[in-house]
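Protein chains in written order, with the working numbering: chain A, 1 to 309; chain B, 1 to 253.
These aren't lab readings, by the way, just hints derived from the structure by calculation. Just to be clear, a hint being listed does not mean it is correct.
Said to hold, decoys possible - The calculated lysine-lysine pairs, modelled on DSS-like cross-linking and capped at a C-alpha distance of 30 Å, are:
1. A/Lys128 x A/Lys140
2. A/Lys71 x B/Lys252
3. A/Lys71 x B/Lys84
4. B/Lys84 x A/Lys127
5. A/Lys140 x A/Lys181
Unchecked claim - Here chain A is said to cover these stretches of chain B; the calculated rule only asks that three of the stretch's residues, wherever they fall, bring their Cβ under 8 Å from a Cβ of chain A:
6. 2–14
7. 82–90
8. 93–103
Computed from a prediction, not measured in an experiment: that's the story for all the values here. Think of the CB as a built atom: it goes at the ideal place given N, C-alpha and C, for glycine as much as any other residue.
Chain by chain, the residues:
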Amino acid sequence: MPPIIDVQHLIKSYAGGGRALDDVSVEIESGEILALLGPNGAGKTTLISIICGLTRITEGTVSVGGFDVVKDYRKTRALIGLVPQELMLEPFETVFETVSLSRGLFGCKPNKSYIESVLSQLSLLDKKDAQMKELSGGMKRRVLIAKALSHEPKILFLDEPTAGVDVELRRDMWNVVTELKQRGVTIVLTTHYIEEAEEIADRVAVINGGKILLIEEKDKLMKRLGTKQLRIELQAPITTLPDSLSDVDVQRADDGMSLIYHYDVKAERTGITSLLSTLASEGIVLRDLQTYQSSLEDIFVGLVTEENK
Amino acid sequence: MNLYAVRAIYSFEMARTFRTMLQSIASPVISTALYFVVFGSAIGSRMTMIDGVPYGVFIVPGLIMLTVMMQSVANASFGIYFPKFLGTIYEPLSAPISPWEIVIGYVGAATTKSIMIGLIILAVSFLFVPVTIAHPVLMLCFLMLTAISFSLLGFILGIWARSFEQLNLVPMLILTPLVFLGGSFYSIDMLPPVWQTVTLFNPAVYLISGFRWAFFDTADVSIAVSLLAIGVFSAICFAVISWMFATGYRLKN
Chain A
1 MPPIIDVQHL
11 IKSYAGGGRA
21 LDDVSVEIES
31 GEILALLGPN
41 GAGKTTLISI
51 ICGLTRITEG
61 TVSVGGFDVV
71 KDYRKTRALI
81 GLVPQELMLE
91 PFETVFETVS
101 LSRGLFGCKP
111 NKSYIESVLS
121 QLSLLDKKDA
131 QMKELSGGMK
141 RRVLIAKALS
151 HEPKILFLDE
161 PTAGVDVELR
171 RDMWNVVTEL
181 KQRGVTIVLT
191 THYIEEAEEI
201 ADRVAVINGG
211 KILLIEEKDK
221 LMKRLGTKQL
231 RIELQAPITT
241 LPDSLSDVDV
251 QRADDGMSLI
261 YHYDVKAERT
271 GITSLLSTLA
281 SEGIVLRDLQ
291 TYQSSLEDIF
301 VGLVTEENK
Chain B
1 MNLYAVRAIY
11 SFEMARTFRT
21 MLQSIASPVI
31 STALYFVVFG
41 SAIGSRMTMI
51 DGVPYGVFIV
61 PGLIMLTVMM
71 QSVANASFGI
81 YFPKFLGTIY
91 EPLSAPISPW
101 EIVIGYVGAA
111 TTKSIMIGLI
121 ILAVSFLFVP
131 VTIAHPVLML
141 CFLMLTAISF
151 SLLGFILGIW
161 ARSFEQLNLV
171 PMLILTPLVF
181 LGGSFYSIDM
191 LPPVWQTVTL
201 FNPAVYLISG
211 FRWAFFDTAD
221 VSIAVSLLAI
231 GVFSAICFAV
241 ISWMFATGYR
251 LKN
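Chain A with its partners taken away, still in its complex shape (with noise of 0.2 Å):
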């Protein structure tokens, strides 16, 4: 199956001679949640709004459901729902009414039963006839998303969607977006929060200065990057590591009631036998062992870092 977005050798550059994306070809699944990770100014709202027709293109070409993002714009857009970074919404508008202008924009007949369930999703039926300025800065992010939502559309760009968002609209828009994947709806989202792309994405795209640095399924970018961490827990603590261990990257712990050992997932060795027989012919008595997986962050932090050395 084809991808439903395919971006190729995407070029965005400034007449000042800045470069926001730099060569970025990325294909995007029907139906998948792709996580576009990057510190500021990574190119990553530049991305989307070239996908959405908001930003022009210098070079290369983007396509959503086989067609070209300029040339069929009607075709494109119409499948797109975008829900911005920031609260730009009409302060004297009501919520019904500024959902059902997002309606009309996407070509779409009125439907006032279908508007009324997107505002029921989003726990905002309530509020449908209150004005924009009485609702707070959550409620705001529901009415974006339920604009975005307005259209039925077949892919949803968040883009940042949890800056400055409560606990509870968090689990809202997570519960929303797992219905929308349900649904087969397609989802791009950006963020700097790791742990949402941990949490949801199907696949991970790392973005930085204009460069897509790698984009792999989260599960096994996890396994590829990710280094592991065990954790020994003693029957009695040591005051000194054994000299046989020297050379081993272990290092003592809780006043040496533990030791802890890293090593590399994707090794074709992880050195944990031997570490384990090591201590076992140093007559040292284990209690207990945990192993930690190394996090998103962690590997993301470990990309950039690298990239801007």
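Could you slot chain B onto chain A? The hints should help.
The following block gives chain B in isolation, referenced to the frame of chain A:
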């Protein structure tokens, strides 16, 4: 054509008009009524007839044009500038809608509002002076063409403006003098010969003159020239808007 989108923009803008009814409609009506009292009754009663028409009646088309031109520019410029200012412009720009459909929505709403105000002022004028309309259909056509062309100008201004200050600057510094000096309150025959020639470079003269012809069957310039002037003015506005959309001027990076 994305008719639902045009309708959505139009209805959204018109809803704003009705929500701010007092500011949108009452204020131009009140200020025009004041013009009638001051120029029509107080000063007009001491003036002679102009082109065979009493002064109070003579200023009716000029006053309507004055308000329609100013309102068209103000409404259309605000209509597109406000979403730009708030950032909500992202939505029409990312929707499956062509630039001209956006123009029809915004300019259509601004035009409708201006025409409504123009007709209300006409109705108000009947309360003050005995107005007669020689060519009612052509009067409506002139009113509509003027509202459309000045709304297009307002749309350009709204895209160009980077601040509320700039939004007010052009109407204040350029438009108000042009409209006031365009013959709203006098016939250009009343000016010294040099100023008569200078006035011919003012596009508002042709519109006001044409509109006045529709009322009284007399005009400063010929009706064909007036129509041609509206046509040229609108064509220039269309060309500028086309260029703005083609280059993404102040709309897209």
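Can you name, in rising order, the numbers of the hints this structure does not satisfy? No hint contradicted; all consistent.
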